[in-house]
Each structure stands twice: as structure tokens, then as C-alpha cells.
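A.B. asks: From first to last, the protein sequence lines are chains A and B.
The opening position of the first sequence corresponds to residue 5 in our numbering, with each subsequent residue numbered one higher.
The opening position of the second sequence corresponds to residue 5 in our numbering, with each subsequent residue numbered one higher.
What the hints contain is simulated information worked out from the structure, not anything from laboratory work.
Don't take every hint at face value.
As a list, the in silico DSS-like pairs of lysine-lysine whose alpha-carbon atoms are at most 27 Å apart [said to hold, decoys possible]:
(1) A:K68 - B:K90
(2) B:K67 - B:K143
(3) A:K113 - B:K68
This is what each chain is made of:
Protein chains: 2
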Amino acid sequence: MAVQVTTTWLGDMRFESTNPSGHNLFMDAGEESGGKGEGYRPKALMLSGLAGCSGLDVASLIKKMKLEVDNLKIDIDANLTEEHPKYFDKVVMSFHFYGDNLDEKKLQKAVDLSVEKYCGVMEMFRQFAEVSVETHFHKN
Amino acid sequence: MAVQVTTTWLGDMRFESTNPSGHNLFMDAGEESGGKGEGYRPKALMLSGLAGCSGLDVASLIKKMKLEVDNLKIDIDANLTEEHPKYFDKVVMSFHFYGDNLDEKKLQKAVDLSVEKYCGVMEMFRQFAEVSVETHFHKN
Numbered sequence: 005m006a007v008q009v010t011t012t013w014l015g016d017m018r019f020e021s022t023n024p025s026g027h028n029l030f031m032d033a034g035e036e037s038g039g040k041g042e043g044y045r046p047k048a049l050m051l052s053g054l055a056g057c058s059g060l061d062v063a064s065l066i067k068k069m070k071l072e073v074d075n076l077k078i079d080i081d082a083n084l085t086e087e088h089p090k091y092f093d094k095v096v097m098s099f100h101f102y103g104d105n106l107d108e109k110k111l112q113k114a115v116d117l118s119v120e121k122y123c124g125v126m127e128m129f130r131q132f133a134e135v136s137v138e139t140h141f142h143k144n
Numbered sequence: 005m006a007v008q009v010t011t012t013w014l015g016d017m018r019f020e021s022t023n024p025s026g027h028n029l030f031m032d033a034g035e036e037s038g039g040k041g042e043g044y045r046p047k048a049l050m051l052s053g054l055a056g057c058s059g060l061d062v063a064s065l066i067k068k069m070k071l072e073v074d075n076l077k078i079d080i081d082a083n084l085t086e087e088h089p090k091y092f093d094k095v096v097m098s099f100h101f102y103g104d105n106l107d108e109k110k111l112q113k114a115v116d117l118s119v120e121k122y123c124g125v126m127e128m129f130r131q132f133a134e135v136s137v138e139t140h141f142h143k144n
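Isolated chain A, as found in the complex:
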């Protein structure tokens, strides 16, 4: 399937990018890199893409398996290499489930299904980074 994105320079370090959703997004460099911080940092969008892709799988499985979850938070902690080209070489992705009635076994199964089978962004990340996935359960 073809996925197309067009990105237009707005001058200085600002760019506007399309998205298949129809919602455009703005990117900018930080002040330390000559920008004004008036938009997203592009590299970190990769981490949101990873959390979003896997999060959508898990949300979908929570609904399908009729699981009770009050809240779900996904923390990503990535290391960017020091030398150019700077890429993410280590990524820790932590799923935090909150609720008084969590089915830990099934939620772990949902995370595993996403990470091992469904999440295409995770598959891409595995090609350049050492990725580890953690699952934590919290009572409210």
C-alpha cells in the first residue's frame, strides 16, 4: 500500500507536513539548532510513531478481549548516538497499565502480540536499535 507525505519548507527551520489523516503538522528545530521551537522535533516523531502504532494494537486488543483498563501510558526512553548520523541505537518501551481489575496475563498477551506480530513500526525499529519492552501494572 502506498503512503504519501508531502513536506513544505516554510522558511527558517520550519516545515509543514501532510498526514494521511488530513491533519497537517508543523516541525521546527530547537533554538540550539537555529530554530524557534515552533513545531515538533522530527526525530522524536519516530518515537511517537512507535508508541502510537503499538498503542493502537493494544487498545484494539483491550476492546476485543473485553479487558478492564482505566489508563494506559507508554514511556519511550531512547538513546541518540553522539556522532553523525545521529540515530536511536537503544530504545526502552515501557507499558504502564492502571486499574483495580487488571487481567495481567491477558494484557501481557496483548503487548506481546503487538510487539512480536502486529506492530510494523516496532519491526522497523528492531532493524537499527536494540529494543527492550517492559510491562508494568499499577493499582489505582
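We have chain A; now place chain B onto it with these hints.
C.D. replies: Same frame as chain A, but now just chain B:
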């Protein structure tokens, strides 16, 4: 350098993600996947990240080399595989420079420096996709 992003489930298929810029972003699945389309599709954010990362390099070099460019547009056309996990296996990135006084040689040099040396997102993409880069020059 550590880069951290926290993504919070908002219910249904919606997620809110932080960005080091301080600007949060919203993601959602499309209607065909049980969402309402009220946010960015996460996978396509990877393509914006690629265009933004390389675009920032080129914008920075345009300034440094004092080049005259009226407009710059970056088209990305990616193929998503059909089987799970669905990832981008082929990516074509096309730089379009617009202007009446384009220094084609130096602009090509700027693109090459980004693609071959500076752009970390490009380095990540090369690990999972066959990437080709095109440069086009247009008079206004």
C-alpha cells in the same frame, strides 16, 4: 543523548504524545480501523520525521551556503508491506527546489550531505527500506 516521549491513551483509539519541543500531538486510527481520524496516523509520522530531519539539514546548509531558494518541497512516497508486521520496504524521497536563480550544483551537494552524512532518520530508514533520493529543480 536521551530522548524521551510519553504517550497516553485517551480512550477508543486516541493517544496523546509528548515531544521534546513541548508541543503535544494527537494520534488516532482511521475509521477503517475503528478510530475516528481525530489525530495523526502514527506510521506516517515516520515519513514526516524523515522529511523533517533531512529538510532541517538542507535548510541549514542553504543558509550557511547563502543559496537562493524560493521554495522547497519534499515528497515521500513509501510502500507499506501487505503482511503483518506492515513496514515500509521501499521509500522514494524527492526534493523539489523552486527558484529563478538556483545553484543546482550546491543544492545537490546540500542534499547529498544530508542523505549521506547528517540525517540520522535516513540512516535508520536505510536499515529496513530500500531508499532512493531524487532531486528536481524548477524555475518559478
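A.B. asks: Hint by hint, note whether the structure agrees.
C.D. replies: To see whether the hints hold, each was checked on the structure:
no.	hint	verdict
1	A:K68 - B:K90	holds, 21 Å
2	B:K67 - B:K143	holds, 20 Å
3	A:K113 - B:K68	violated, 52 Å
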